[in-house]
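> One letter stands for each residue in the lines below.
Protein chains: 4
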Amino acid sequence: MPFEHQRRVRFQDTDPAGIVFFANIFVYCHEAFEELLRDVGTPLDAIIASREQILPLAHAEADFKRPFRVGVLVTVRASVASVGERSFRMEYEMFDEAGSHLASAATVHVAVDPATGRSTAVSERLRIALAKHQVAR
Amino acid sequence: MPFEHQRRVRFQDTDPAGIVFFANIFVYCHEAFEELLRDVGTPLDAIIASREQILPLAHAEADFKRPFRVGVLVTVRASVASVGERSFRMEYEMFDEAGSHLASAATVHVAVDPATGRSTAVSERLRIALAKHQVAR
Amino acid sequence: MPFEHQRRVRFQDTDPAGIVFFANIFVYCHEAFEELLRDVGTPLDAIIASREQILPLAHAEADFKRPFRVGVLVTVRASVASVGERSFRMEYEMFDEAGSHLASAATVHVAVDPATGRSTAVSERLRIALAKHQVAR
Amino acid sequence: MPFEHQRRVRFQDTDPAGIVFFANIFVYCHEAFEELLRDVGTPLDAIIASREQILPLAHAEADFKRPFRVGVLVTVRASVASVGERSFRMEYEMFDEAGSHLASAATVHVAVDPATGRSTAVSERLRIALAKHQVAR
Chain H
1 MPFEHQRRVR FQDTDPAGIV FFANIFVYCH EAFEELLRDV GTPLDAIIAS
51 REQILPLAHA EADFKRPFRV GVLVTVRASV ASVGERSFRM EYEMFDEAGS
101 HLASAATVHV AVDPATGRST AVSERLRIAL AKHQVAR
Chain D
138 MPFEHQRRVR FQDTDPAGIV FFANIFVYCH EAFEELLRDV GTPLDAIIAS
188 REQILPLAHA EADFKRPFRV GVLVTVRASV ASVGERSFRM EYEMFDEAGS
238 HLASAATVHV AVDPATGRST AVSERLRIAL AKHQVAR
Chain R
275 MPFEHQRRVR FQDTDPAGIV FFANIFVYCH EAFEELLRDV GTPLDAIIAS
325 REQILPLAHA EADFKRPFRV GVLVTVRASV ASVGERSFRM EYEMFDEAGS
375 HLASAATVHV AVDPATGRST AVSERLRIAL AKHQVAR
Chain V
412 MPFEHQRRVR FQDTDPAGIV FFANIFVYCH EAFEELLRDV GTPLDAIIAS
462 REQILPLAHA EADFKRPFRV GVLVTVRASV ASVGERSFRM EYEMFDEAGS
512 HLASAATVHV AVDPATGRST AVSERLRIAL AKHQVAR
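Chains as they are written, first to last, in my numbering: chain H, 1 to 137; chain D, 138 to 274; chain R, 275 to 411; chain V, 412 to 548.
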C-alpha cells in the first residue's frame, strides 16, 4: 500500500510566476520519503546517526502535469517500487484537494557506507521496513 | 556551444550526511539556465515581466554520479538539446574543479501563456536566443 | 491566545554540522504566520490574490537558544504583538517535544499597496483577523 | 575593510509577490560570511572538517529597506563588528547595482565544540582571520 503524506504549498515554495519552483516538488517527495521511513520504524535521522549507511540518490525524475499553486494542500502518495541488493526505487504521485493529478516522480536511492563512501547492501532492517509500502507489479 | 556557469557549493545546500541535498542540484541547473538566458539577451525576469510567456517545467531528471561536497566550485555546462513548437529541452553536465563528472541532468520547459495557463508557441526571440547554445546531435 | 503550529525538522533543513541552518528557522516562523492567517480566515494567498495589499517584512530578528536537530517535531507558538496603522509585529517562541525552549523570533510586516509599492493602512479585515491572536501586554 | 560579495537574485529566491522571501536575505548574508572566511584563508568547510569548532548562530537580525527584485545583482558588504572570547558579531549592508541600500543585517556566531556541544574559545587562527575584516568603531 502506498504511504500518504500531506503538505501545504507554502508562500516561499513558489516563484514570481505564482507556482511552485520545480525543485521544491522533489523536496515534497523527500518529505514523504522521510515520513514513510518514520512510519515504518526506521527514521532517516536514526539511520544516519547509526552510521550504518546513508541513502544518497543515484537518480531522480519527475513529470509535472499541473501547476502547484500557493495554499493548496498536496497529497503525496509514496510507494516502494523495487528493492535491489544495494539500491531501491521510490515512486510518488501527487494530487491536489480535488483529486487532480499534479505530478509523478521517482527517486533511486543507493545504500552507501559513510566510512568508505562505497555502495553497500541495503540493511536488513531497512529492507524489512521498505517492504511495508512496496507495491506489487 | 554549451554555456558554462560556476557555482560554489554552499554550507546550507548540504545535509547532515555532508553532501548536497539532491533537489539543490536541480537549483544549480536552473541557475545555469537563468545565466544562459541572461547571456543571450533574454533574461528570465524580462520574459516573465513582459507577460508574453512563462516557462514552467514539464519534466526534470538527473543522474547523480559523485557527491557534491561543501566548498567545491561546481561547473555546470548547460546546452539546449532541442527546441520544439511549444517546448524545449535543456541538458546539464556538472563537474568539480578536478574535472570529475558529478552529475547529468535535463529539463523540459513548456511555453505557457500566463493569461490562459495554456501552452503556446515558443516566442521567436526566445527561439533565436536559445539557438546560440543549441548543440547539434 | 498564541497560535500553535507544528513542524518536523526535515533532513534538508539541516547542515553538515547536523543542525538546522538558521535561515530555515525564519521559514518555520513564516509557516506559522501563514497557518495563523489561514486559521483566522484570511489566508495569505487570498490576500495576495486580491491585490489589496502585500505584507513584506521590514524587520526580522531571532535568538537561537538550542540547536534544532533533524527529526525533531518543533512547536511554533505565534502571536500578534502589536498592530499599528501600517504595520504589525509578530512574535514566535519555538519548543521541542520535551518543552525545551529552542528559539525566539519576531517579524515586523508592513502593509504595501502592490500597485504603487508604497505602504498603506493594514486592511480592516486583516486587522480584525489578527486581533484573534493578539496578546495583551 | 568590509568584504564584498556579489550575488544575483535568483528566480527561486522570490515569492508570488515578486520579491525575495526574507529568509533568503539571511542566506545571502551567510554566503558573504562563507566567502569572507574563504578569502581570509579559513574556509568554513575546513573549520567544520577539522572538528575543532562549529560556528552556530546565537542571534540574527535584519532591517529590510527596499525590495530585492529578481535579476538584480546584490552587493553584500560584510564586516566583523566585534570578536569576543567565545563569540563574534558580523554586520552586513546590502545594495543594488545603482547603489541603493536594500537591507542591513547582523549575525552573532558562537564557537561551539562539536564533541561536547558547549561554547568554547574562538580559535586563534579564526581570531586572526576575522581581524582582517574587522571594522573599527
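Think of the hints as simulated: they come from the structure by calculation, not from any bench.
Keep in mind that this is a model prediction, so the values were computed, not measured.
Cβ coordinates follow ideal geometry from the N, Cα and C atoms, glycine included.
Hints are not guaranteed to be accurate.
As the list claims (entries may be wrong) - Restricting the straight-line Cα-Cα distance to at most 30 angstroms, the calculated cross-link-like pairs of lysine-lysine (DSSO-like) are:
#1 K543(V) - K406(R)
#2 K476(V) - K339(R)
#3 K339(R) - K406(R)
#4 K202(D) - K65(H)
To be verified - Pulled from the structure, derived: some chain D residues nowhere near chain H, Cβ distances all over 12 angstroms:
#5 A160
#6 N161
#7 D176
#8 A197
#9 E198
#10 A199
> None of the hints should be skipped; say for each whether it holds.
Comparing the hints with the structure gives:
no., hint, in the structure
1, K543(V) - K406(R), "50 angstroms, violated"
2, K476(V) - K339(R), "28 angstroms, holds"
3, K339(R) - K406(R), "28 angstroms, holds"
4, K202(D) - K65(H), "28 angstroms, holds"
5, A160, "4 angstroms, violated"
6, N161, "7 angstroms, violated"
7, D176, "20 angstroms, holds"
8, A197, "5 angstroms, violated"
9, E198, "4 angstroms, violated"
10, A199, "5 angstroms, violated"
In this structure, the hints that do not hold are numbers 1, 5, 6, 8, 9, 10, in rising order.
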